[in-house]
Amino acid sequence: MSEQLPQINVTTARARRLSYKQAGSAVIEDCQLADINDNFVTIKTMFSGISRGTESLVYHGKVPESEEIRMRCPNQVGDFTYPVSYGYACVGEIIETQSEVKTLHKGDHVFVLHPHQDLFIVEAAACNPLPKGLSPQTAVLAANMETALNATWDGELGDTSKHLIIGAGVVGLLTAYCVKTLSGFTPTIVDINADKRQVAEALGLEFRTVSDFTKGSTPHMERIFNSTASASGLQLAIDSAAFEARIIEMSWFGDKRVSLDLGGAFHSQRLQIISSQVGHISPSRRDTHDYPDRMREAMKLLTNPALDALLETGIGFEALPNHLDDIFSADSNILCQLVNYQQMR
6 MSEQLPQINV TTARARRLSY KQAGSAVIED CQLADINDNF VTIKTMFSGI SRGTESLVYH
66 GKVPESEEIR MRCPNQVGDF TYPVSYGYAC VGEIIETQSE VKTLHKGDHV FVLHPHQDLF
126 IVEAAACNPL PKGLSPQTAV LAANMETALN ATWDGELGDT SKHLIIGAGV VGLLTAYCVK
186 TLSGFTPTIV DINADKRQVA EALGLEFRTV SDFTKGSTPH MERIFNSTAS ASGLQLAIDS
246 AAFEARIIEM SWFGDKRVSL DLGGAFHSQR LQIISSQVGH ISPSRRDTHD YPDRMREAMK
306 LLTNPALDAL LETGIGFEAL PNHLDDIFSA DSNILCQLVN YQQMR
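Residue numbers for the sequence shown follow the numbering used here, so the first one is 6 and each next one is one higher.
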């Protein structure tokens, strides 16, 4: 916690936020703070994170009209026809609490599903206090870890030991980390990009390129997680599956159509393909966990400092629009781009 908390008059203060104005274009602009009520807190942002999945679709104008309601994130401003302020990975310090807030205090560090903004007001219930040992920087991965944890629960690992994760992006790597931590078995993670080997091995995972993995005899994996948002990734999952294997499809394909080969062994092997989506708690935990429970477990999993390998060196908040083309480029090796609000530029 900080020793000196900023003094801000929330009745007159203005904030700065990232706003996507049209496909491929964004600015940092002034905005008004939300109205304040007795159960609200005011937060000064320390860090936020950009992962190259859903937010890339927003930046490039690729959100299908049919999915605009389902894709809205908490505290979003505007809609996907632009302008829109979108994001879900803010970590900040509480600088003011209102009279009905009993469990949070000035100086607490919290994770909030909120767009990129330097100062904001939200209900206390929207705040997730960081556990001991979790740094504010690493905490920007909380929403991604929650997705990974939910998918691991959907996998119902049981006594299985042969696990495959396809795609070594942020969610894929965190899923592999969850599988390893919760099962005790080291999974294999594959990607077309050999440069992902270093970060995968830093997390104690077995990494193989797709071309290397598909050489020789067909593997027989019991639980397979696809996070690539590609038909080839899902096809590789099918082709790598053991008898009665479960394939967990974690991708959101946007407006893309997917063609698969469901001939061959798919039918005779009695394979399962299920969708995992973080908007609903996995059926395997739904009777015992609510959303705050799941987030708390996700944040506990983030306390390993090795996970900082997923974070790209921070960019100052005010300079962020100048870097978005590079962050969202198809050729980028960035995993999670850290945005530093203390640095600003």
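What the hints contain is simulated information worked out from the structure, not anything from laboratory work.
None of the values given here were measured: they were computed from a predicted structure.
Each hint should be verified, as a subset may be incorrect.
In the EDC-like style, the derived pairs of lysine to aspartate or glutamate whose C-alpha atoms are separated by at most 16 Å in a straight line are [to be verified]:
#1 67 <-> 84
#2 185 <-> 200
#3 107 <-> 211
#4 185 <-> 164
#5 137 <-> 244
#6 49 <-> 105
#7 26 <-> 84
#8 111 <-> 84
#9 49 <-> 249
#10 305 <-> 292
#11 261 <-> 70
#12 185 <-> 217
#13 185 <-> 161
#14 111 <-> 98
#15 167 <-> 249
#16 261 <-> 72
#17 137 <-> 73
#18 67 <-> 330
#19 167 <-> 72
Results for each hint:
For a cut-off of 16 Å, the pair hint linking residue 67 to residue 84 stands: about 13 Å separates their Cα positions. A threshold of 16 Å between alpha carbons decides the hint, and for residue 185 with residue 200 the separation of about 21 Å lies outside it, so the pair is violated. For the hint linking residue 107 to residue 211, the alpha-carbon distance of about 45 Å lies beyond 16 Å, and the restraint is violated. Proposed proximity of residue 185 and residue 164 is supported: the alpha carbons are some 13 Å apart, at most 16 Å.
Distance check on the hinted pair: residue 137 and residue 244 sit about 42 Å apart at the alpha-carbon level, beyond 16 Å; violated. Under the criterion of a C-alpha separation no larger than 16 Å, the hint pairing residue 49 with residue 105 is inconsistent with the structure, at around 20 Å. The straight-line distance between the Cα atoms of residue 26 and residue 84 is roughly 10 Å, inside the 16 Å bound, and the hint therefore holds. Distance check on the hinted pair: residue 111 and residue 84 sit about 33 Å apart at the alpha-carbon level, beyond 16 Å; violated.
For the suggested pair residue 49 and residue 249, the alpha carbons sit about 50 Å apart, so the restraint of at most 16 Å is broken. For the hint linking residue 305 to residue 292, the alpha-carbon distance of about 21 Å lies beyond 16 Å, and the restraint is violated. Straight-line distance between C-alpha atoms of residue 261 and residue 70 comes to about 13 Å, which keeps the hinted pair within the 16 Å bound. Of the supplied pair hints, the one linking residue 185 and residue 217 is violated, its CA atoms being roughly 22 Å apart against a limit of 16 Å.
With a CA separation close to 13 Å, the supplied pair residue 185 and residue 161 stays within the 16 Å bound. This hinted pair checks out: residue 111 and residue 98 have alpha carbons roughly 8 Å apart, not beyond 16 Å. Restraint check for residue 167 and residue 249: satisfied, since their Cα atoms lie roughly 13 Å apart, inside the 16 Å limit. Of the pairs offered as hints, the one joining residue 261 and residue 72 holds, with about 12 Å between alpha carbons and a cut-off of 16 Å not exceeded.
Among the hinted pairs, residue 137 with residue 73 is inconsistent with the structure: their alpha-carbon atoms are about 37 Å apart, more than 16 Å. With a C-alpha separation of about 15 Å, the suggested pairing of residue 67 with residue 330 holds against the 16 Å cut-off. At most 16 Å may separate the alpha-carbon atoms for a hinted pair to count; residue 167 and residue 72 exceed this at roughly 34 Å.
Against the hints set out earlier in the document, violations occur for numbers 2, 3, 5, 6, 8, 9, 10, 12, 17 and 19.
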